[in-house]
Amino acid sequence: MNPAFSVVLLTTASGVGYGMLAWLGVLNALRLLPSSPWFGVAAIVVALALSTVALLASTFHLGHPERAWRSISQWRTSWLSREGVMALLTYVPALGFAAAWWFAGPGTGVAAVLGLLTAACSLATVACQAMIYATLRPIRQWHHRLVLPNFLLLALFTGAVWLAAAVALDDAGAARLVAVIAVVFAVGAGVAKLAYWRQIDAAPPVATIESATGLGALGQVRMLEAPHTEENYLLREMGYAIARKHASRLRTVALATGFIAPVVLLLPGIALAALAGPVLLVLAALAAILGIYVERWLFFAEATHTVTLYYGRREAQAVARDGRA
Amino acid sequence: MTSIPTPGAKKLGLVIDLDTCVGCHACAVNCKEWNTSGHSAPLTDFSAYQDHPDGVWLNRVHTYEAGTGPDSRTVHFPRSCLHCEDPPCVTVCPTGASYKRAEDGIVLVNAEICIGCKLCSWACPYGAREFDEDQGVMRKCTLCIDRIYNQNLPEQERVPACVATCPARARHFGDLGDPTSAVSQLVAERGGYDLMPEMDCKPVNKYLPPRRRPAPVTPVETARAGSAAGASVLRWIDRVLSR
Numbered sequence: 000m001n002p003a004f005s006v007v008l009l010t011t012a013s014g015v016g017y018g019m020l021a022w023l024g025v026l027n028a029l030r031l032l033p034s035s036p037w038f039g040v041a042a043i044v045v046a047l048a049l050s051t052v053a054l055l056a057s058t059f060h061l062g063h064p065e066r067a068w069r070s071i072s073q074w075r076t077s078w079l080s081r082e083g084v085m086a087l088l089t090y091v092p093a094l095g096f097a098a099a100w101w102f103a104g105p106g107t108g109v110a111a112v113l114g115l116l117t118a119a120c121s122l123a124t125v126a127c128q129a130m131i132y133a134t135l136r137p138i139r140q141w142h143h144r145l146v147l148p149n150f151l152l153l154a155l156f157t158g159a160v161w162l163a164a165a166v167a168l169d170d171a172g173a174a175r176l177v178a179v180i181a182v183v184f185a186v187g188a189g190v191a192k193l194a195y196w197r198q199i200d201a202a203p204p205v206a207t208i209e210s211a212t213g214l215g216a217l218g219q220v221r222m223l224e225a226p227h228t229e230e231n232y233l234l235r236e237m238g239y240a241i242a243r244k245h246a247s248r249l250r251t252v253a254l255a256t257g258f259i260a261p262v263v264l265l266l267p268g269i270a271l272a273a274l275a276g277p278v279l280l281v282l283a284a285l286a287a288i289l290g291i292y293v294e295r296w297l298f299f300a301e302a303t304h305t306v307t308l309y310y311g312r313r314e315a316q317a318v319a320r321d322g323r324a
Numbered sequence: 000m001t002s003i004p005t006p007g008a009k010k011l012g013l014v015i016d017l018d019t020c021v022g023c024h025a026c027a028v029n030c031k032e033w034n035t036s037g038h039s040a041p042l043t044d045f046s047a048y049q050d051h052p053d054g055v056w057l058n059r060v061h062t063y064e065a066g067t068g069p070d071s072r073t074v075h076f077p078r079s080c081l082h083c084e085d086p087p088c089v090t091v092c093p094t095g096a097s098y099k100r101a102e103d104g105i106v107l108v109n110a111e112i113c114i115g116c117k118l119c120s121w122a123c124p125y126g127a128r129e130f131d132e133d134q135g136v137m138r139k140c141t142l143c144i145d146r147i148y149n150q151n152l153p154e155q156e157r158v159p160a161c162v163a164t165c166p167a168r169a170r171h172f173g174d175l176g177d178p179t180s181a182v183s184q185l186v187a188e189r190g191g192y193d194l195m196p197e198m199d200c201k202p203v204n205k206y207l208p209p210r211r212r213p214a215p216v217t218p219v220e221t222a223r224a225g226s227a228a229g230a231s232v233l234r235w236i237d238r239v240l241s242r
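Protein chains in written order, with numbering that gives the first Met the number 0: chain C, 0 to 324; chain V, 0 to 242.
These are computed hints drawn from the structure, not numbers from a lab. There may be inaccurate statements among the hints.
Unchecked claim - Example chain C residues on the side facing chain V (calculated, C-beta under 10 Å, incomplete):
#1 Thr51
#2 Val52
#3 Leu54
#4 Thr58
#5 Ser70
#6 Trp78
#7 Thr134
#8 Leu214
#9 Ala216
#10 Gln219
#11 Ala240
#12 Arg243
#13 His245
#14 Ser247
#15 Thr251
#16 Thr307
We treat Cβ as the ideally placed atom computed from N, Cα and C, and that holds for glycine.
I would like the entire structure built from these sequences, with the hints used as guidance.
Printed below as a string of structure tokens:
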């Protein structure tokens with residue numbers, strides 16, 4: 000699948016934004032965050048800005064962005080529609096949470112309730128987004144049971160790293176707990192991602208050129224002649240293929256930058272106080288978002304669609320994946 | 000509405016005979032010709048007369064080799080929307096632009112409200128939908144809805160453009176929901192099948208498999224009746240030619 004910049008940006012930024020909102024709501028209800036009014040409002044605004052950027056990015060790839068409002072109408076069947084509805088709904092408790100933090104104080108019951116509501120809406124938005132991919136049967140790397148946990152864990156991990164950096168900028172000492180949570184979720188999300196990669200590598204194709212054409216009874220099928228000499232929409236959008244050699248290198252980059260580097264930076268960040276701590280936590284947040292951007296890019300680039308079977312891609316893919324093409 | 004309507008009795012669709020298709024691409028060309036000025040107009044082309052032409056086609060003809068060695072067959076394979084009974088392209092649509100008609104089962108796109116998110120083209124296992132980069136909306140086979148119900152056309156022309164033009168009569172149009180219809184009987188008789196049944200889309204369109212051919216006869220040298228002199232001349236000629 001074509002790793003379009005807008006969609007890769009959308010899934011990366013919305014994960015960070017909604018993950019951060021989720022932790023803000025939960026940790027505030029547990030009274031584990033700094034209580035300064037500036038911190039709360041700034042953190043909520045940054046998180047909302049990230050998810051808003053993501054929403055805007057998602058409209059960049061539309062053929063008719065001015066009709067985007069129509070996309071909230073089909074929530075009964077469409078996960079994309081549900082994501083839109085949940086993303087818009089999240090603004091209500093999130094803005095209320097910010098207002099309650101500022102005017103009533105983070106320790107009040109109303110702030111706690113609105114925070115928890117924000118967290119629930121945020122995670123539901125991420126889950127809807129994951130389900131858009133997880134319900135697409137023609138793409139076996141997406142129609143996979145680990146896609147939903149992966150999306151949720153990545154959002155919680157990147158959200159925690161960014162929140163740790165935000166807390167550290169306000170009060171270095173108070174960031175310890177959030178940083179520990181970030182380390183735990185970095186490990187969890189990293190292990191889930193490794194398991195996902197292992198499983199998609201081992202899984203058999205979901206269909207074959209024989210079942211796609213129904214000609215298997217005659218023997219092995221291969222394409223003799225393509226329907227057109229030039230690349231078309233189908234091949235550009237669904238036929239994107241990445242050589243296995245490059246994919247495995249990028250997996251290493253994603254793992255090192257997105258998961259290992261943040262942990263390496265967070266651990267001394269937890270130990271050190273004063274100036275060094277916040278700097279390390281901010282660096283960890285930047286490393287995480289860069290690495291996860293590569294991981295999201297791979298999520299698209301490594302996904303294969305059954306339409307390519309009609310174009311005889313079985314052999315081509317096998318060759319490309321061995322790095323010989 | 001992107002909910003799938005309660006299936007009606009009528010299931011209009013195509014039956015494509017892979018035994019008689021000669022791979023002339025006339026169906027694809029006539030489809031483009033009709034639809035670029037009909038319900039789905041325009042089917043935009045970019046640099047149609049220069050290098051790298053690119054554009055929307057609703058029907059594509061692939062050519063495959065099935066089997067190996069002397070028993071292999073060349074099979075021409077037209078691919079278009081199968082108007083599935085359970086179309087994932089419809090349920091994923093966030094706007095309701097993609098819909099399945101209850102009255103005849105035809106799957107359509109309302110270009111007036113399509114936002115061009117392309118998710119339907121990801122959801123279709125068969126690559127039936129192509130995006131019109133110029134108009135910013137998704138295009139697909141309409142089963143020539145503007146022909147089959149068109150009162151201005153003579154009755155025999157009220158079939159999809161691809162069916163009307165096929166010189167090999169490899170394409171048949173009719174109601175696959177009616178077991179007594181000509182197309183249903185053809186499917187029953189010839190063992191018509193679904194493409195990629197593992198995707199659970201329940202395609203309405205059916206494909207008829209290439210017929211079994213008699214095993215190829217290997218030429219056998221048989222001794223010709225005739226005079227001994229005649230036979231020895233033939234043997235001599237055979238020796239000369241075999242050098």
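Now the hints, each set against the structure:
1. Annotation: interface hint on C:Thr51 violated; nearest CB of chain V at approximately 18 Å, more than 10 Å.
2. Taken as an interface hint, C:Val52 does not check out: its beta carbon lies about 18 Å from the nearest beta carbon of chain V, beyond 10 Å.
3. Restraint check, C:Leu54 versus chain V: the minimum CB separation of about 13 Å is more than 10 Å; hint violated.
4. Interface hint at C:Thr58: satisfied, since its Cβ lies 9 Å from the closest Cβ of chain V, which is below the 10 Å cut-off.
5. Satisfaction of the interface hint for C:Ser70 is found here, the shortest Cβ-Cβ separation to chain V being roughly 4 Å, below the 10 Å cut-off.
6. The beta carbon of C:Trp78 is positioned within 10 Å of a beta carbon in chain V (closest approach about 7 Å), and the interface hint is therefore held.
7. Contact between C:Thr134 and chain V, as hinted, is supported at the beta carbon level, the nearest pair being about 7 Å apart and thus within 10 Å.
8. Proximity of C:Leu214 to chain V holds as hinted, the smallest CB-CB distance being about 4 Å (cut-off 10 Å).
9. With a least beta-carbon distance of about 7 Å to chain V, the hint placing C:Ala216 at the interface is held under the 10 Å criterion.
10. Residue-level restraint check for C:Gln219 holds (minimum Cβ-Cβ distance to chain V is 6 Å; threshold 10 Å).
11. Against a cut-off of 10 Å between C-beta atoms, the interface hint on C:Ala240 is violated, since the closest Cβ of chain V lies about 15 Å away.
12. For the restraint placing C:Arg243 at the interface with chain V, the shortest Cβ-Cβ distance is roughly 23 Å, beyond the 10 Å limit, so the hint is violated.
13. Contact between C:His245 and chain V, as hinted, is not supported at the beta carbon level, the nearest pair being about 23 Å apart and thus beyond 10 Å.
14. Proximity of C:Ser247 to chain V is violated relative to the hint, the smallest CB-CB distance being about 25 Å (cut-off 10 Å).
15. Interface restraint check: C:Thr251 against chain V, minimum CB-CB distance 28 Å, threshold 10 Å, status violated.
16. With 10 Å as the threshold, the beta carbon of C:Thr307 comes within range of chain V, its nearest partner Cβ sitting at about 8 Å, so the hint holds.
The structure fails hints 1, 2, 3, 11, 12, 13, 14 and 15 (numbered hints given earlier, in ascending order).
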